[in-house]
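**Q** So the chains spell out like this:
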Amino acid sequence: MRLTLTAYLLLFTIGCLGQVNATSVDFDSQSITIAFSEEPPQLNSMKATDSVSIDVLSHTMEGLARYDRRGQMVPGVADRWEIDDRTATFWLNKNAKWSDGVPVTAKDFVFAWRTALDPATASEYAFILYALKNAEVINKGELPPTALAVRALDDHTLEIELERPTAYFINLTAFASYFPIREEFYKKKGERYAADASDLIYNGAFMMTEWVHGASLKLVKNPHYWNKDSISLNAINVDYITADSRSQLNLFIDGKIVHTQLDGDTYKDALSQKFRIRRFTTGVIYFQEYNHRPGRITANKNVRKAIQHVFDPHEMVNRVLATPGNLPGESLFPVWLNGVKGKFRQEYPAPRAKIDVSLARKYLENAKTELGIKEIPPLVLLVGESPTATKNAEYMQGLLKSKLGLDIKIDKQTFKQRLAKMSSGDFDMVGAGWGPDYDDVMTFGDLYASWNLNNRGRYINPEYDRLVRVAMNSSVPQVRMDAMGEMQQILFDDAVLLPTSEQGIIYLIHPKLKGVTRRVIGADPDYTYARVVK
Amino acid sequence: MSVLDFSPARRTAQIEQLTRPSLSYWQDAWIRLRKNVRAIISLYIIILLGIFTALGPVLWQVDPALQDLNQVSQPPSLPKTAILVGQYEPWKGIVIEDFPPEAIEYLEMVDAPMGLRTSDHPTTQRVRLIWNPVHGASGYNIYRNQRYPEDFNDLGLPLGGTFAGNEVSYEDRLSLESRSYYYSVVPTDGFDEYESFSVVEIIPRTSITLDEARSRGLLPEGKTIGEEVSLKFHPFGTDYLGRDIMARLMEGARVSLFIGIFAPLFYVLFGVIYGGFAGYFGGQIDALLMRFADFVVALPFLLFMILFKIAFGIGPGESGIVPMLIALVLLSWPSTARLVRGQVLKIREQGYIDAARLLGGRHHYLVLRHIIPNTIGVILVTLTFAVPFAIFTEAFLSFIGMGVAPPHPSWGSMCNEGVKTMLSHPHELIFPAVFISITVLAFNLLGDGLTEALDSRMRARE
Amino acid sequence: MIVYTLKRLLAGVITVWFIATATFIAMHQVPGDPLLNDKAVSAEIRKNLERRYGLDKPITHQYLIFLRNMLPPNPDFGISFTQQNRRVNDIIKDHFPVSAILGLLAIFFSAAGGVLFGALTAIYRNRLPDIVIMFLVILGISVPSFVFAALGQLLLVNVNSLMGYSLIPVAGWGSFTHMLMPSLVLGLGTMALLTRLMRTSMLDVVNEDYIKTARAKGLSPQRIFFKHQLRNAILPVITVLGPQIAVITTGGFIVELVFAIPGLGRYFVQAVQQLDYTVIMGTTVFYGAFLVFMVIVVDILYGFIDPRVRVQ
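Protein chains in written order, with our numbering: chain A, 1 to 534; chain B, 1001 to 1462; chain C, 2001 to 2312.
Same shape as in the complex, but just chain A (with noise of 0.2 Å):
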């Protein structure tokens, strides 16, 4: 009997033994073993808006067209197609086909978009399909859905009305909200619809098989994936879900998941575990936007100009965030977007503001005789909860005082807090960042202007408004690029806003696993290429 008891005990720790072990990558099965920051909130392609949940749904969606390894486009279930100003069209691939092997037809993207674009659905990234002709209208509910001007032709051919001229529109199609839904799936599931793995309906290069929330997902390759010849891996297993760095560290440490993001925390241990470490720039840039409502202190030129001459974008990125990758910011365009020919800064270098704190003390004392004051009261600076966050807070205080003398109180606030303070103008300064939505300059250009809700500080200048209006309403390069190099120009001259850097990470990935592309707009890290080796 106690034989037997021990025989189990032995049995038992030998299966959880064989189950622990299994390695990060397995050549043999093409299989990835990864960890999530955290569970995806939200797989409805209409709906989603985190990064998390945009990186599930581009492995396993695909748009008309996507991105290729190097971030040019490529078809995707469009096998070609022809776009001028005022319309687009795409001929599908015959080949393109949902996970249950029913082929992918125009009309899953009319209704896709129909419904996105729908009120009642009230989806959070609706705008970005204004593009589209009448989108805007039926998304306030002025119009019915129907009237929106996409039109499948026939079941390959899809026909697009633009609400005007968009450069970058072939871009846009890679984007999740312009992901394809099947009519009859989607009202069969309904309230139901990407609750769960078999609640979903996939046309990409993988389907989820497995979804245990907040513990685990599995991704395995789509057998019916028109491109699935190019896939090598057969199974992303995401097997850890956890926002936690160091923890993140341990586990790649133990060969148990395949990359890892560093901070400037974990990044000196790192080192001396002897990885190879990479280095990205994601793109998103941070900066401390000023509130320009009437009334308050910020909304004073010479109160921004002082602030500009003093802050060393240099020394933020290397004395205070200090972890590579991490660019000063100098402009609320990041060096990588693309310009007329070349890269964007390079042809509208940003201004640079010459770190003079006599300079900025005569800006003050400017702003104090315009505003009719002795002292400038205390400004606020509105933060998220972050450490990263915080610590930029911090710096900014102690700089503030010590140069200018200015007191700043500092307003921690968690994250739905801060949002309402932003929305409600109660802030002089916050800390915010901004990622690309797609691949144009614009992406960034419109947060200024007037009509954007998204510019929180209420920033109103009619010349900047019109800058927009023309880099928008043209397809030809140089003139867009003119218009927002005069735009960049003007948010340097007026201060509208205190660019602090652009984001690098580094990370960590598995030597054998290769192919795994970093990109700036969408799935990132991509694996949908990557391959192990041996």
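Honestly, I wouldn't trust all of these hints.
[What the hints assert, rightly or not] With a straight-line cut-off of 27 Å between C-alpha atoms, the simulated BS3-like cross-links for lysine-lysine are:
| no. | chain 1 | residue 1 | chain 2 | residue 2 |
| --- | --- | --- | --- | --- |
| 1 | A | Lys187 | A | Lys301 |
| 2 | C | Lys2047 | A | Lys187 |
| 3 | A | Lys187 | C | Lys2093 |
| 4 | A | Lys268 | B | Lys1080 |
| 5 | A | Lys403 | B | Lys1346 |
| 6 | A | Lys401 | B | Lys1080 |
| 7 | B | Lys1080 | A | Lys354 |
| 8 | A | Lys368 | A | Lys401 |
| 9 | A | Lys391 | A | Lys305 |
| 10 | A | Lys268 | B | Lys1232 |
| 11 | A | Lys362 | A | Lys401 |
Just so you know, these hints were derived from the structure itself, not from any lab.
Dock chains B and C against chain A, hints included.
**A** Frame of chain A; chains B and C shown alone:
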């Protein structure tokens, strides 16, 4: 032998007395406590902590909020010196005009860059690297390690790169310290790296700009660029923004000890009044009051702590200590109330209370003379054990990012910062953690000592 | 007995109602707007979102709807704000068992360890084992749990890399080995507490008359120890175990976060940060109800264990 042989013995001494000086309950307890070495040491530690908190800032006059980006995350060490340098001037770098920026033909392999060196004296302000261009390269990546790289996978931190074959310089300003760095330069084809690299060892000197030295009051008369000055001394090292950890511990002590002492004081006081009231009057009032206390006890503590803390909100610039205090008081009083009620109920039934009442003692006489003195021991013990609990709660809230707002430090929030870098900068975790531990420990041991000293059962046993 | 149980249950129901109301009031006091997100939305979309979550109705109305939905036999807490296609009921159903298993194991570790170490310290009073264990206990009481969690994980990483073989996983959930370190870390504080309690209790019991009697009877020391001393000393330990269950099951956030465990605690913290009304309500009410009834169950069970406190 006759009777006369006997005479009354002379009274040589007093009769043996079997009494000891009359001791009040408190004198007795104090004697007992004094015998308990651990409790007494704890008491001294608590007094020392009080002195550290109250007098520390007077003796160690360093601004806990003063940042020094020249000395970030420095471990405890002796005072350091730095070389004076001028204002940072941007560097254009070196581009070799007559060398092709892009490789003319794609090569399978290229040479490692030759002549990797610094262009001038390296300081912690900046390190400027130059090297000779490599035939076939369309760019270079620069790495930095803290030991000699063993192989291609061990180059260290990827600092950045240049994007042309004739751009042969790189300036590193990334959190430099005065230590050995091994810089590696790897040629690329513009997208992927070639597997060849060269390495150079560089030790930058600690530097401080003239302006900064002046504004920090570190500049003696007549010193100028190229000469040495001594930097501010930090006995416990510095944190992630170069702030003095000793000064921050002192300021953090105010937050942690404030929460740790005042929250228990308030809720124990409230609990005593509430429980005493209920216990003394009994009956319906008691039942009603205790039912309400049961409700509050049933609230899941940590969940409500977080919820209350946020619901009260923190305004700009506020530390958020008061909301935390209120939340703690609101949620923690019932246990004391229950305890005191029980105690009062017990005492109320004692014979001496009846006797006092029969002798005409009034309510307030009974309460002041008998009930309070007899419960105070229990209350004191509760109080000492409540202190560690409150300190831990603050630390826990800080850990999930809902503690005191920056820049106000607390031991808990310092610990939380320190945990993240515990391997690379252990001092940032160890100091606050030790302070929390010592405080919690001291109060616990004192509590134990008090329990023993005040417990009548323990007394009977000796 | 039945009347007593019924009375307790009724009081429990009222307590849960109180918890629900307190949570509702506190939550609506939290400044901020649950419907705001990184990307601003138009007024029309906002209206639709409000309708979806019933936020367009007056607050008293919302409260009544909430109470009605909460009623047994099918309490329904609605749809999560952040995970818009998951019901709060499902979230609780999926993640509470994880927290519960973790908590149970932690209780087991702390109770077993507490009794064992407590007894040891009492036997070897003021000798080396006592001093060593009490030193560890003091460490357990005075070091914050997040430090232990980080250290525990680090220990596993080092052990695994030393062995060149992943013996115990450093994070994650699934098999029994995953649970070892997190539950140990979680139970450490309680274990320290119980050890202390057990030690005092053992020392108290030694002086009781029935031990003296047993000794006088000439029972063997082993028999006295196991049959009389240990059994009686454990009673007070069991009493505090009830409330400690509450501390452990709700106190798992940190461990869940560090060890990547899909427990309910993590969801609650996230929900508060994201102001996810339905999840906050659901988790607090559920936890509250759970604890209230656990206490009742423990009280009733206690009557069976110790005849002296059997209810009248």
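**Q** So, for every hint listed, does it hold in this structure?
**A** Right, here's what the structure says about each hint:
| no. | hint | verdict |
| --- | --- | --- |
| 1 | Lys187(A) <-> Lys301(A) | violated (53 Å) |
| 2 | Lys2047(C) <-> Lys187(A) | holds (23 Å) |
| 3 | Lys187(A) <-> Lys2093(C) | holds (26 Å) |
| 4 | Lys268(A) <-> Lys1080(B) | holds (23 Å) |
| 5 | Lys403(A) <-> Lys1346(B) | violated (66 Å) |
| 6 | Lys401(A) <-> Lys1080(B) | holds (26 Å) |
| 7 | Lys1080(B) <-> Lys354(A) | violated (31 Å) |
| 8 | Lys368(A) <-> Lys401(A) | holds (16 Å) |
| 9 | Lys391(A) <-> Lys305(A) | holds (23 Å) |
| 10 | Lys268(A) <-> Lys1232(B) | holds (26 Å) |
| 11 | Lys362(A) <-> Lys401(A) | holds (16 Å) |
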